[in-house]
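Enquirer: Input sequences plus hints: build the corresponding full structure.
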Amino acid sequence: MPGVFSRLLSGSSLDKDLSWGLGGGSDSSSRGTGSQPTHVFSFGPSAGGSSLNATSVRPAGYPPTAPPLYTFTGTPHAKPNIVLYYREASQPNMIGDGTLSSVSSTTQLRVRGMPFTLRMSKMSGDFTLESPITGKMKLKPNPMTGTGLGLYDGTGNKVAKIKPGGGSGEKQLELYVSCDGMFVEVVLLSFLTARMLNKIVEDSVGEMVMSVVTA
1 MPGVFSRLLS GSSLDKDLSW GLGGGSDSSS RGTGSQPTHV FSFGPSAGGS SLNATSVRPA
61 GYPPTAPPLY TFTGTPHAKP NIVLYYREAS QPNMIGDGTL SSVSSTTQLR VRGMPFTLRM
121 SKMSGDFTLE SPITGKMKLK PNPMTGTGLG LYDGTGNKVA KIKPGGGSGE KQLELYVSCD
181 GMFVEVVLLS FLTARMLNKI VEDSVGEMVM SVVTA
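No gaps in the numbering here: position 41 of the sequence shown is 41 in UniProt numbering, and each next residue is one more.
One or more of the hints may lead you astray.
[To be verified] With a Cα cut of at most 30 Å, we get these calculated DSS-like pairs of lysine-lysine:
{"no.": "1", "residue 1": "K136", "residue 2": "K79"}
{"no.": "2", "residue 1": "K136", "residue 2": "K199"}
{"no.": "3", "residue 1": "K79", "residue 2": "K161"}
{"no.": "4", "residue 1": "K199", "residue 2": "K140"}
{"no.": "5", "residue 1": "K199", "residue 2": "K138"}
{"no.": "6", "residue 1": "K161", "residue 2": "K122"}
{"no.": "7", "residue 1": "K138", "residue 2": "K122"}
{"no.": "8", "residue 1": "K140", "residue 2": "K161"}
{"no.": "9", "residue 1": "K163", "residue 2": "K138"}
{"no.": "10", "residue 1": "K136", "residue 2": "K163"}
{"no.": "11", "residue 1": "K136", "residue 2": "K158"}
{"no.": "12", "residue 1": "K122", "residue 2": "K140"}
{"no.": "13", "residue 1": "K122", "residue 2": "K199"}
{"no.": "14", "residue 1": "K158", "residue 2": "K140"}
{"no.": "15", "residue 1": "K79", "residue 2": "K138"}
{"no.": "16", "residue 1": "K79", "residue 2": "K140"}
{"no.": "17", "residue 1": "K161", "residue 2": "K199"}
{"no.": "18", "residue 1": "K199", "residue 2": "K163"}
{"no.": "19", "residue 1": "K79", "residue 2": "K122"}
{"no.": "20", "residue 1": "K163", "residue 2": "K140"}
{"no.": "21", "residue 1": "K138", "residue 2": "K161"}
{"no.": "22", "residue 1": "K158", "residue 2": "K199"}
{"no.": "23", "residue 1": "K136", "residue 2": "K161"}
{"no.": "24", "residue 1": "K122", "residue 2": "K163"}
{"no.": "25", "residue 1": "K158", "residue 2": "K122"}
{"no.": "26", "residue 1": "K79", "residue 2": "K199"}
{"no.": "27", "residue 1": "K136", "residue 2": "K122"}
{"no.": "28", "residue 1": "K138", "residue 2": "K158"}
[Said to hold, decoys possible] Computed Cβ-Cβ distance ranges for the label pairs, DEER-style:
{"no.": "29", "residue 1": "G61", "residue 2": "S102", "range": "36 to 42 Å"}
{"no.": "30", "residue 1": "T117", "residue 2": "P92", "range": "25 to 31 Å"}
{"no.": "31", "residue 1": "P92", "residue 2": "V201", "range": "14 to 20 Å"}
{"no.": "32", "residue 1": "P115", "residue 2": "P63", "range": "33 to 39 Å"}
{"no.": "33", "residue 1": "M114", "residue 2": "G154", "range": "31 to 37 Å"}
{"no.": "34", "residue 1": "P76", "residue 2": "N157", "range": "31 to 37 Å"}
{"no.": "35", "residue 1": "P63", "residue 2": "D126", "range": "33 to 39 Å"}
{"no.": "36", "residue 1": "K163", "residue 2": "E88", "range": "31 to 37 Å"}
{"no.": "37", "residue 1": "Q91", "residue 2": "M123", "range": "17 to 23 Å"}
{"no.": "38", "residue 1": "V103", "residue 2": "A66", "range": "39 to 45 Å"}
{"no.": "39", "residue 1": "N198", "residue 2": "V40", "range": "19 to 25 Å"}
{"no.": "40", "residue 1": "P63", "residue 2": "P92", "range": "32 to 38 Å"}
Rather than coming from a laboratory, the hints here were simulated on the basis of the structure.
Each residue gets a CB set at the ideal place from its N, CA and C atoms; glycine is no exception.
Expert: As structure tokens, this is what we get:
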């Protein structure tokens, strides 16, 4: 793990070659799913970033004091609403962004200039991810427990999932496929955006309930 982390933070292969790997091939046609995770990331609130709803992402096992590999910010009332940074949250480090829609359930996202969409079902609350690098996939709760959040391909195979990370509010993102960095970044931005949208919905429902109770 230290070797991977050092390589990613060096930025050399990432800045010059978007096919950099995190272990495993970059050919999406040969991508398969397995029972053991190929990549594991931990994420939680970013220190000093509460005003931006900032989330720091690190390889699993690294302390919260380690520099983040990625930083995600969500600001529903500012544009862009969603930003993904490589390393710290500063303008030169921005690699992804997204815009929430006030008239549709589809969020328009980009990673390194590649556009893709995340559409939320108003009936089920599931999300549909569509991108050139992933194809069409579903983000939805565990079908057995109704909790958590997993990413499934068109045949129902689990590609990734979020689970408790054991820290102070930390979570872990596990990927179960061999993939390149672009795939990881699309999946990461999709999961964090879905969590943000779920929180917005939960807060809205809570406000509606309170207005009824106090009426």
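Enquirer: The structure should be examined with respect to each hint, and the outcome stated for every one.
Expert: Going down the list of hints, with the structure as the test:
no., hint, in the structure
1, K136 <-> K79, "holds (26 Å)"
2, K136 <-> K199, "holds (23 Å)"
3, K79 <-> K161, "holds (28 Å)"
4, K199 <-> K140, "holds (14 Å)"
5, K199 <-> K138, "holds (18 Å)"
6, K161 <-> K122, "holds (21 Å)"
7, K138 <-> K122, "holds (14 Å)"
8, K140 <-> K161, "holds (9 Å)"
9, K163 <-> K138, "holds (17 Å)"
10, K136 <-> K163, "holds (22 Å)"
11, K136 <-> K158, "holds (13 Å)"
12, K122 <-> K140, "holds (13 Å)"
13, K122 <-> K199, "holds (14 Å)"
14, K158 <-> K140, "holds (11 Å)"
15, K79 <-> K138, "holds (26 Å)"
16, K79 <-> K140, "holds (27 Å)"
17, K161 <-> K199, "holds (18 Å)"
18, K199 <-> K163, "holds (17 Å)"
19, K79 <-> K122, "holds (24 Å)"
20, K163 <-> K140, "holds (13 Å)"
21, K138 <-> K161, "holds (11 Å)"
22, K158 <-> K199, "holds (23 Å)"
23, K136 <-> K161, "holds (16 Å)"
24, K122 <-> K163, "holds (24 Å)"
25, K158 <-> K122, "holds (23 Å)"
26, K79 <-> K199, "holds (18 Å)"
27, K136 <-> K122, "holds (18 Å)"
28, K138 <-> K158, "holds (10 Å)"
29, G61 <-> S102: 36 to 42 Å, "holds (40 Å)"
30, T117 <-> P92: 25 to 31 Å, "holds (26 Å)"
31, P92 <-> V201: 14 to 20 Å, "violated (33 Å)"
32, P115 <-> P63: 33 to 39 Å, "holds (35 Å)"
33, M114 <-> G154: 31 to 37 Å, "violated (20 Å)"
34, P76 <-> N157: 31 to 37 Å, "holds (33 Å)"
35, P63 <-> D126: 33 to 39 Å, "holds (34 Å)"
36, K163 <-> E88: 31 to 37 Å, "violated (26 Å)"
37, Q91 <-> M123: 17 to 23 Å, "violated (38 Å)"
38, V103 <-> A66: 39 to 45 Å, "holds (41 Å)"
39, N198 <-> V40: 19 to 25 Å, "holds (22 Å)"
40, P63 <-> P92: 32 to 38 Å, "violated (25 Å)"
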